[in-house]
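Asks: Can you build the whole structure from these sequences, using the hints too?
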Amino acid sequence: MDLTNPTIGQAAAIAAVGICFVFAVLLLLLIIVKLFSSIFAGVKKNEKAVAPAAPVVAAPAAPKALAKGSCGDFKMHDVEPRVAAMAMAIVADELQTPLNELRFKSIKKVESEEK
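First residue of the sequence shown? That's 1252 in my numbering, and the numbers climb one at a time after it.
Quick caveat, the hints were computed from the structure, so don't treat them as lab data.
With a cut-off of at most 25 angstroms between alpha-carbon atoms, the simulated PhoX-like pairs for lysine-lysine come out as follows:
id : residue 1 : residue 2
1  : Lys1295   : Lys1285
2  : Lys1359   : Lys1326
3  : Lys1326   : Lys1356
Replies: Written out as structure tokens, the structure is:
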């Protein structure tokens, strides 16, 4: 059988064998995954039966709603709100980034060492 120049029938047979081989390997992988899944599910089930029950803890209070575009809490240490706002605006301008894409966690006043 010369496959350098196959006929249409030979090409179709080769394609069919290839497709069947691919699906057979996929089916084999499916069986292996299912087998391992059932094995590990059984192991996990046994661990749950052996593990002691955790004490029930009251759910924490729901966090207060943040303003639209807010990224979370922000702390100011010895800084006036106006000064903190100006510092954030300067940083955003220097980075050439919109202020709503930056996240500031805290601003702290640093005393100058000059006297």
